Amino acid sequence: MKPKKLNKDQIQKIFLSTLGFIALIYCYFTFFLGPLNKSRVTMIQTIGDLQTKTASSKTELRKTANLEQQAKEATGRYEALQKTTQDGAPIAWFPPKMRAFFGDRRIDKVSARLESSSDFKEPELSDWVKDIWAIEVPESDYSALGRAIADLENTEPLLSFQRVVIHAVPEQPQYQQVSLDAETVLFKK
Amino acid sequence: MALQLNLLHEEFKEERQRKRDPLKLGLIALGCFGVILFLYYAWNAYGTMQIRSQLNVAQAEWAKVEPQVTAAQNRAAELHQIIDSTKVLDARIENRFYWAPFLSIISQSVAPNIQLTSLDGTITDSGVISVSLEGLAAAREPRAAAEELRQLLSEQLEKHYSEVKVTFKNLEDLDTLLNLAGVPTASARFVVNMIFNPKPAAPSKKPESTKENQGKEAKEKPAAK
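Residue numbers (this note's numbering), protein chains in the order written: chain A, 1 to 189; chain B, 190 to 414.
Read the hints as simulated data drawn from the structure, not as lab findings. This structure is a prediction, so every number in the text was calculated from the model and none was measured. Wrong hints could be hidden among the right ones.
[Stated by the list, open to error] Label pairs and their in silico Cβ distance ranges:
1) B:257 to A:76: 21 to 29 Å
2) B:191 to A:22: 52 to 60 Å
3) B:358 to A:76: 41 to 49 Å
4) B:290 to A:136: 22 to 30 Å
5) B:290 to A:119: 25 to 33 Å
Cβ atoms here follow ideal geometry from the backbone N, Cα and C, with glycine treated the same way.
With the rest of the complex left out, here is chain A (with noise of 0.2 Å):
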C-alpha cells in the first residue's frame, strides 16, 4: 500500500499545528511551569532557612536560661556592688558620708575632696568610674584611726587607700595628723 501523498493544504495545516505546539509548550514552560518552580524552589530555601534559624534560636534561647542560672550569684554580687554607690553626683554625697562615718568613730573634722575622676581602661568597667579623694583627718588618735580604716576597709569594698601619710601633731602628741587618698570605684549613673 502506498502512503498517500498530502497536498499542499494539509501540508500548510501540518505546518501551522507544530508551530501551535511549540508555541504551547513554550508558553507553558515560560509563563506557567517556570515561575511556579521558581517560586517553589524560592520557597523550599527560605523553609530549610527558617527552619534552621528557629532551630539555632531554640538553642540559643536555651543557652540564655542556662546562662541566666549560672550568672545569678554573679548578677546578685553586681547589684550589691552597684548599691553601694548612692544616688546623685559623688562629690554631694560621699564627703558628708566620710564626715559621718569617721564622726561615729570619734575622729572629727574630717574633710574630703574630689581629686581626679576618670574612666578606667578595662572595657568591662565601661559602666563605672574611677575616683580619688583625698581625706583630710585634722587630728586623730592613731588606734582610732587604725580601726576606723579597718571598718572603712571591711565595709567599703570598692574602696581602698592608694596612700596613707600619717604626721605626729608637735604640739599634742598624742594625736596624728592624717591624709588618706582614697580610690573609689563608682557606678555611673
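Given chain A, put chain B in place with the hints provided.
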C-alpha cells in the same frame, strides 16, 4: 447476484478526507496534550500551595521566636557584661591592699623608746607598697635601738608579705638628750624605707616523704607491737 453500485462514493471520500484532516487531528492532539499539561500544572500548583502553607507555618513560628531570640541575645550580652564586670571588680577587691593590718604591725613593732613622727605609705603603679617611716630612737645606744626596730619590722612584715626590704634611708645621732622615764637619754633620728609586695609569700614546700613516712610509721607500729 445483485450488482451493488455506490453512487455516493465521492461524498464518502470527502467525508473520509474530512476525518483525516491533519489540522483537525493536530488540534485534537494539541488539545489532549494541553489537558495533560494543565493537569501537570495543577498538580504542581497544588504542591506549591502546600509548600506555601508550610512556609506560612515556618514564618509564623519564626515571627513568634524572633523577638524572644533578640531579647535573649540582648540578655546574654548583658549577662556576659555583668559576669565580666563582676570578675574584674572582684579581682580589684581581692587584690587591694589593706592598710589597717599594716598599721597594726607598725604599732606592735614600736618599742616604748621609739617615737614615730611620720609615716608615708604609697601603693606604686606596679602594686608594690612603699612606706617611709620617720622617728626618734632613745637609748644608751640609740642607733642599736633604731636597728632593732628595723629588724623587727622586717621580721613582722615578712610574716604577712613577700619581697620585703626594710632599709635605713637616714640614721643620725642627735645632740640633744631626750627625757626617757625621767632619765636623760641619747637619741637618734631615723628614716626607714620599707618596700614589699602585698601578696603573701608562697609557702615553702614540705618534704614529700613526710606524709609517706608518717603513713609507713603508722603501719609499722602495730606490726612492731
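Okay, the hints, checked on the actual structure:
Taking 21 to 29 Å as the suggested C-beta distance range, the pair residue 257 of chain B and residue 76 of chain A conforms, at roughly 24 Å. At about 54 Å, the CB distance of residue 191 of chain B to residue 22 of chain A agrees with the hint of 52 to 60 Å. Checked against the hint of 41 to 49 Å, the pair residue 358 of chain B and residue 76 of chain A passes, with Cβ atoms roughly 48 Å apart. In this structure the hint that residue 290 of chain B and residue 136 of chain A lie 22 to 30 Å apart at CB holds, the actual value being about 23 Å.
Between residue 290 of chain B and residue 119 of chain A the C-beta distance comes to about 31 Å, which sits within the given range of 25 to 33 Å.
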